[in-house]
Amino acid sequence: MTKAMELKFSKSHEWVLFDGDKVKIGLSDYAQDQLGDIVFIDLPDEGDDVTKGESFADIESVKAVSEAYSPITATVTAVNEELLDSPELINSAPLESWLIEVEGVDEIEDLLSAEEYKKFCEEAEEA
Amino acid sequence: MGNYLGSTPQQQQEMLRTIGLKNMSDLYQDIPKEMIIKNLAIPAGKSEFEVRRILEKMGKKNKVFSSIFRGAGAYNHYIPAIVKQISAKEEFMTSYTPYQPEISQGLLQSIFEYQTMICEITGMDATNASVYDGATAAAEAINMCLEKKRLKVLISETTNPMTIQTALTYFSSREIEFVMIPEKDGLTDLSVLKEKLDDTSACFIVQQPNYYGGIEPVEVIAEMVHEAKAKFIMSVNPVASTVLKTAGEVEADIAVGDSQPFGIPLAFGGPYIGFIATKEKMIRKLPGRIAGETVDEAGDRAFVLTLQAREQHIRREKAASNICSNQALCALTNAVYMSTMGARGIQEVAEQCYSKAHYLLDGLTQIKGVKRTNDSPFFHEFVTTFPVANEVVLAKLEEHDILGGYPTEQGLLWCVTEMNTKEQIDEVVALVKEACGQ
Amino acid sequence: MKLIFERSVEGYYNEMISPCDVPTTALPEEMKRQKELHLPSLPQPEISRHYTELADATFGINNGFYPLGSCTMKYNPKINDEMATYPAFASIHPLQPEHTVQGSLEVFTMTEMLLKEITGMNAITFQPAAGAHGEFTSLLMIKAYHKKHGQPQRNKIIVPDSAHGTNPASVAMTGMITVNIPSDNYGCVDIEALRAAVGEDTAGLMLTNPNTAGIFDKNILEITKIVHDAGGLNYYDGANLNAIMGVARPGDMGFDIIHLNLHKTFSTPHGGGGPGSGAVGCKSLLKPFLPDYYPVKKGAEIGFTRPVNSIGLVKGFYGQFSVFLRALTYILFLGSEGISSASKSAVLNANYMLHELKDIFEVPYGESCMHEFVISLDKLKKETGVTALDIAKGILDHHMYPPTMYFPLTVPEALMVEPPETESKERMDDAIAVYRKLYEDAHKNPEAFHEYPLHAQIHRVDEVRAARHPIVRYDFALENNE
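Residue numbers (our numbering), protein chains in the order written: chain A, 1 to 127; chain B, 128 to 565; chain C, 566 to 1047.
Rather than coming from a laboratory, the hints here were simulated on the basis of the structure.
Treat each hint with caution, since some may be false.
If you anchor each label on the Cβ, the simulated ranges turn out as follows [unchecked claim]: (1) B:326 / C:596: 45 to 51 angstroms; (2) A:45 / B:322: 26 to 32 angstroms; (3) C:794 / B:176: 49 to 55 angstroms; (4) B:408 / C:614: 36 to 42 angstroms; (5) B:322 / C:757: 55 to 61 angstroms; (6) B:152 / C:997: 23 to 29 angstroms; (7) C:928 / A:122: 45 to 51 angstroms; (8) C:578 / B:326: 26 to 32 angstroms.
Treat the numbers as computed from the prediction; the structure is a model and nothing was measured.
We put the CB at the ideal spot given by N, CA and C, even for glycine.
When you get a sec, could you build the whole thing from the sequences and use the hints?
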């Protein structure tokens, strides 16, 4: 499936989609499965900066809060407002539910291809 | 020696044998010998009868006034007998936080009902299961308004000094700037407020009615604060909220206050009970416990503690607030009070407070030399000065078992409630007249 | 059960106060509330029945076994409640002149004297309203202490990873930084990790002893010394004091400041979640930083004083008066022997139950404990799919309150059991039988557990729905629209 192929993945379980200057970031299927039913997500504002390796969003499930980490240093140009009302979309369609869109990319973490990420997750499960 | 042990000495011996120990002290083998207390220097235990006598004797050292004309944050209102009885029910008193909803529906529903009533009183959309008191409610509300670029907190000097002090203590160790907005003619000085509001302001707090009883122009204030894109926190008296414009109606962002007037005894300052109520959009910023409605697996309506991911046991160092316990039993007491009195009952209380306070002021100002400190509209509290010292007036009243207004720098801060009869009010006026040498 | 609003019928008025006996003054129109006020409208008999229904659907200590670990659910004595409602105490306005409240002030000073001796501290403040509030107060005092002594860079508080969530949350509220250190296999402080963590920026250590696993840390003197040597102060979280009250003192363990949960250790009622009372005790070096309104006897009279470097007020007025009045009543009744008997009996109870369960449940922290113990159902989960939650829900069907679930965080599938000294051997034997039966059933019929409880007021709730679409109040508009 072409969509999944174009995505790159971080070791902290986010996906990244490069589209020219703009970059979209979301959570992987593995991530949403680990989080359980997501009840709320706290996203940054347009114009905020995100930094490579640092958290940019809080994701709440019923009994826990987790963070989404940005694999990129850049500036937020758009935020997926639909997720604020319907966070369950992250559970049902993780690869379509982008959290933020950024521009002005400064640094990028080493990212994995879909294949490499799949293997990475399998190894994590066995550990 | 008094005790409430569940087991007899024989059963304790039996249990020790079962676990292979000889004495009770064997249970503490892990504690270094030198740390074990040899002699606990407190009095030996007593019978229940003796304990009662000791405390009754202590209580006799207090003076219970037969009429109270003092408020300043603690209000003397009638507490219906049913309120005391229901809140003394063992299930409500001896249960703990309803973390197991399947056997706590009664408690959870009572919290949900309380939350609904507080929203109705304040005119807001959402509230929590209560916080410690009005002063800490204001501090927690400030916390909800702080943003990265908005760290300045404006407070009116007409706010209860204890609320101001608490807010200052709460934020003393963080980079928060407090700006005091002075009083002018008994109300907040609006020209100074306008001047001080800017794009670094997080919020402005005003008390309604204010500490000196004055009714603040909250609609104008709300507009001013919102123009600077800051948040408006209104600290409200819940009785007054039943007849004055509510925080919700004037578009305040957060309403806070202390609902001690709803069935909670004066009890030398505590426990009282704080509330924080807000608009729908800020619900996830509310600290503390919240009861929510949902369904169970059979599809029946059920109540549960919700939005727990905000709380300390999950967020830990990332929690906005460390609050764990609420004032649950006080919240239940409030709910029973509000149910017993009903809207009409509390509005009647409010109207009487208003009329009786104005009646007292009329009587007092007819005494030569007795003046009110300003002309602001007021609810049930006001300040007067006398041609003699405050203490002289108070001493005269105390001789007759009357607790007069609270002595502040400005004068005596009087409070009148539905508990003060016409006879009592007339007596106060006569005695003050005497104290003033007339 | 119907909501009280669903039972309301317009038109009831309960005659609680007399009609106004002075001329009425009308509120100016422009100031008046316009929004309708919806509060219940019911006659007293129906109010009484409504709350009886709610009480019947609430489980208190008076209903049955309540071994909620870390909460010390001991019996709440009725004499305490009577003293709290005694008019000589209940009718006192907090702003009465001091000479008219000597009785109430004596409640402060007498309770302080007793608690000082029990804890080994030099002063007690009753202003904090609850345990977390006491933690916050103590941390503010520690921070103020360091600032006063020219050490403002001390802003790190060391907290073991097994600590209660309020600990790091309280640290964050003071603007300080939490440094988490790992616990060892017994939930005790890893000494080497502590040594590595202390330094010039250490403000202090927050510790519970016995810890949240119910184990007394034998190295306590060494631990507190390491922190003192590094220039920090030691704070004791008193949540577990019921294990050692009257037997050992935090003041003798090297702690400089403590908080107490009067609603746990000292029998004041839990009230459905509060009001508690988080009294804070401290050694002399921290006394100047105590909150305002500290009562001191001057000659014949007691008066409020403001300590010279006071942190100010942590709330309005002086504290949860009626709550610590109950604690005073309790301590007077128990006395020196009763206080230590209570904690010894609590520790015996916990060890007894642990002994009777350790053959089938995993006990991560060894075979003896203090006043509470932790069992792990991780193996059970792996073998049968039945979790700690499922077992807890199973317990509900036996008219008992379950133990605390999933705490401490360092133990997977944890259940923390605390049977205070007021629990009888019969009650504990009943509970042991129930827990053992559920363990067997988990192996025989694991699937059934996911449906438990079957006989409670409701079945399991949809927490996801409650969190995604929070409904926190009744909507009066709905009833009007239909």
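Taking the hints in turn, this is what the structure says about them:
Between residue 326 (chain B) and residue 596 (chain C), the C-beta spacing of about 31 angstroms breaks the proposed range 45 to 51 angstroms. For residue 45 (chain A) and residue 322 (chain B), the Cβ-Cβ distance of about 29 angstroms falls inside the hinted range of 26 to 32 angstroms, so the restraint holds. Between residue 794 (chain C) and residue 176 (chain B) the beta carbons are some 51 angstroms apart, a value that agrees with the proposed interval 49 to 55 angstroms. Taking 36 to 42 angstroms as the suggested C-beta distance range, the pair residue 408 (chain B) and residue 614 (chain C) conforms, at roughly 38 angstroms.
Checked against the hint of 55 to 61 angstroms, the C-beta distance between residue 322 (chain B) and residue 757 (chain C) comes to roughly 58 angstroms, which is consistent with it. Roughly 25 angstroms separates the CB atoms of residue 152 (chain B) and residue 997 (chain C), a value that falls within the hinted 23 to 29 angstroms. The hint said 45 to 51 angstroms for the Cβ distance between residue 928 (chain C) and residue 122 (chain A), and at roughly 34 angstroms that hint is violated. Between residue 578 (chain C) and residue 326 (chain B) the Cβ separation comes to about 50 angstroms, which falls outside the hinted range of 26 to 32 angstroms.
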